[in-house]
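Read off the chains here:
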Amino acid sequence: MLIASQILGLIAPQWILLVAAMLVLALDLTLGEEREGWLPYIALLGLGAALVASLSLWNRQVALFEGLFLIDRFAVFFQIIAVLATGLVILASIGYFEGKTPYKGQFYALLLVTALAITLLASAADLVMVFISIEVLSVTSYTLTGYLIADRKSTEAGLKFFLYGAAASAIMLYGMTLLYGATGSTNLAEIGRTLSLASGEGSRWLPIAAIVMLLVGFGFKVSAAPFHQWAPDVYEGAPTPFAAFLSVGSKAAGFAILLRVFLTALPDFRVDWFALVTTLSIATMTLGNLIAIFQENIKRMLAYSSIAQAGYILIGLACWDPQATGRESISAILFYLLAYLFTNLGAFTVVIAVERAVGTNEISDYAGLIRRNPWLAAALFVFFLSLVGIPPTGVFVGKLLIFAAAVRLEYYALVIVALINGVISLYYYYGVLRRVFFLAPRDEAPIAVSTPLRVVLAVTLIMTLGTAIFAQPFIRLALTSAVL
Amino acid sequence: MGISHVLFILFSVLILGGGVMVVTRRNLVQAAGALILTLFGVAGLYVLLEAGFLAAVQILIYIGAIAILIIFAVMLTRRLADEQEPGLNSQWAWALGTAVMALAILVIVIQGTWPLAGGVVGNAPPLTGDSTSRLGVALLSPEQYAFPFEVASVLLLSAMLGAIVIAREKRH
Amino acid sequence: MVPLSWYLMVSAALFCLGIFGVLARRNAVAILMGTELMLNAANINLVAFWRHLRPDVMSGQVFTLMVFVVAAAEAAVGLALCIAIYSSRGTVVVEDMDLLKG
Amino acid sequence: MEGFDVANLFVSIGQVWTGFLVNLGLSSQWIAFVNKLVAALLLTALPVTIVVFTIMGERKIIGRFQDRLGPNRVGPYGFLQTVPDVVKLLTKEIITPTNVDKVMYNVAPALSVIAVILIWAVMPIAPSMIGVDLDIGVVYFLAVSSLATLAILLAGWSSNNKYALIAAFRTVSQLVSYEVPLVLSLLVPVMLASSLSMNDIVQAQSRGWFVILAPISMLIFFISGTAEVGRSPFDLLEADSEIVAGFNIEYSGMRFAMFFLGEWIHAFTFCALTATLYFGGWRGPFVDQVPALGALYFFAKMFILYLIHIWIRATMPRFRIDQMLAFSWKFLVPLALVNVAVMALATKLLAPPDLSASFWATLPRWGGFLGVNLIMAVGTFVAVREVARQARRKEEEVSGRFGSAAVVQE
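Protein chains in written order, with the numbering used here: chain A, 9 to 492; chain B, 2 to 173; chain C, 102 to 203; chain D, 2 to 411.
Calculated directly from the structure, the hints in this document are not laboratory data.
Check each hint, because a few of them may be wrong.
Stated by the list, open to error - Calculated cross-link-like contacts (lysine to any residue; reagent style SDA-like; alpha-carbon spacing at most 25 Å):
(1) D:Lys37 <-> B:Glu51
(2) D:Lys103 <-> B:Leu38
(3) D:Lys37 <-> B:Gly53
Build out the structure end to end from the sequences listed, making use of the hints.
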């Protein structure tokens, strides 16, 4: 039995994030217009404290509140991902809202709550906890997507996100109730135990129906086809920093909970969900890559690209086999998510920089970017290289690890589909890069990049290359975190 | 057929009849009124299931707050022309097919063995003690659900904050 | 005592009505009402399972209360978005929202 | 004493009645059903009967407040005025305007009465004289009274009249805003009695009314209750100077009378609730010996509180809509939140003495609670004064800057 102070220590990242959010809100009311600029840095300070707190939990393996809330390396890994994503997004959003909305402090506060939701989700080990945490993430996401009330695209995106999201989470909830009905418990581990005892006799239909419904909800979060329709609209309409956050933070949270639920509660139904996940994976990457070709808006293109990436990551789940590849496939997913975090955030940061100079997000505006700001062009080149999966970049290593797991299980077809998809994706990434490097700019004026954006670009660039060149420690990190 | 069966059928008719009206009525305030009927029916089922506290909270929150909020929103976003426009979109037949198929699958699933855990199908176990106070204890003791309870308050707070930011009058 | 399967049937029917509403309605508020139906269907399930499986453990009822909270939060944010959209373009019919190609 | 015990009288009436039903040849299940039906009818009749008295009393008393005689034609001192009034309302033509939403237009008036009458199902009138002693009585009351909001909303919308619709919008903003402090203040008696049952709350006041332990909570409850009922100074739903007649503008005859009835019942029902939750309900001297006295005390307390209601109504001007909302969100809600937190702490620290404890042993608890409430009251006063001062300073700055203009205007 833990005493209160110990519990407080164990949930320190969570309450630090909450306190930071409240602090930002309170200061937003009291600081006044002139000193509003401090708020993002205060939020960053809170994130830093939360990072320290979660790192201090690295070697803990505790179940809190009667198994409701697990603190293990898996959870801590996602805590780190959440903090990193939020921190970089906050840096990238400094100055973004100038003249777009009168409310700036609330953005940072809500973003901190979103980070809190991801950390909760990574630790949730009970259906009640899973549901409520997903909803915290969703509800704040709807708000932040529709945040620019003066921008009609933003509100429209917010409403569409909300409508899709509310329906998806209702379906997911129904699946959870079926699971509860099948086992009489909401605890994931206990559900897993009960199902493993009962899987021999009786109907398997019930858990399978539950699995399908859960996949709707989780698939929505990771934007897997056919639950991806929200993503392009939302990415296009949302404030760009938040679109960046959705593409990495929200997606990582979706995978965290997908792994946690499927691997602790439903491992005995692997034969059933394997087929579903494989289909989902193939559909997701193919659809994402094919539609991305026809996009004229860079945010939409990145949205479809991020859908396709979800497809690659799902291969990792499909290749999970408790006997053969248990930890490797999970660690491949974790590594992929980490590398993808830096790569995609970097790409979005370039988009933010261009958007702030040009005002729109059309791909045609990227013509001659190299002459307007060679650094941006070079960074975009590296990020796109990584997104395609060409060495020496982080996502390349991630793909390699995932393919390794697939090859070990001899799922060659999946690898081949993924490789073909890689080739397709080359086409549209090249389409952008061709404009950046070879076409003449419409406007010769150089694009200035603010200091916070430079910091984000530097960090993401270094990490995109670093996770590949010095891959070993990161792979080891992913491997040690791959304990569920 | 005892009195509970009769009540059950009554509430089910209320729920499903209201539900049908919710999804088909052109006039949205009437649809919201039908939603209230459905919510009442659900509260009735809670009473039959001996969850009186939930029934009261259902009426208090769902009807007293959510349904009223919905009616309010309908009134605020209403054009007079709306009543002439169709309530359903062009894919409604496809949607109907999906819904019927989902129902068929769910019915098959429900006919399966319930539950895998224990195999209770007939009568429910007797209810002992005061379930309302046990619910209170469950919600507020750290060994049970106090933590999700706190998370729920964070959810409400952020929803409130978000709603204010989005719906507040623009002042630049 | 009404058997469990009766409740489940009603809940399944309500859930599918909700799905139909979400897929077939044009007005955003009407779609929201569809999701409310689905949430209520899930709640019937939860309470029925609670009563029939393990009434001594309150997880089903706690879950139901959480769904209430979530429904309230979703309704608040969703309706705020509806009102924001209406004030800028005078409609909440989803088909008329065509700035994003979706 | 035995012969005067009215409770026993009821019991013997019940026995006679049951015997009558048995003679009719009904099975025991049906007898129980019929008995419940009769009880429900009686409980429904009760508030409707009280309304007749309150209406005539109120008209007389308000007349005196406003320095006029009030009704004085029908019956002695005009006390029978209600009778021709009711006859008039019943015989008036029922008008249904064109293009109204027929179903809702007709449902709304009935709903407004049903919602308030349902509250009486859990009202403990005397010891063991309660419709149903629900273990969730307080939540039930909240749930049911939220339906009254719905009735007004539906009436306002379905009337197809812009004034009615404006009133409906006001309803939502007003009633929903005041429900928050109402619920928060209601938590305090629930915590003190550690039960949600109305009867338990009355029982728990055997060692002192909750109004002594939690006066601030009582005030918040009473104020937000007045707002919930929509009576002066919160009668913006039917502010005749602004929106003609408000949500019931299109209603006539019996339908109008229903709203009228609903509002009136709601008003004294809230007084009855205040009496139950804070003033000991049916508690009073000698109730243990003569339970029927309880009903007397209960109604006496209710009427005294109702007198205060009438007093407020006769003397306070109506709020402006923004003032009304600000009063709830900026004053009542924060105060209620602080109150709940402080009272929860106080309840935890000052555990109730067992029933055998002497009067003196309970004094520290009373003192503690009173002290806590006093501190809160003083704190509120200081805070409000500070806010008012700042507002005044700002005002003065503005008028200082535009001082000359102001002078010219004068």
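Hint by hint, here is what the structure shows:
1. D:Lys37 <-> B:Glu51: holds (20 Å)
2. D:Lys103 <-> B:Leu38: holds (17 Å)
3. D:Lys37 <-> B:Gly53: Distance ~19 Å between D:Lys37 and B:Gly53 Cα, so the pair holds.
The structure shown violates none of the earlier numbered hints.
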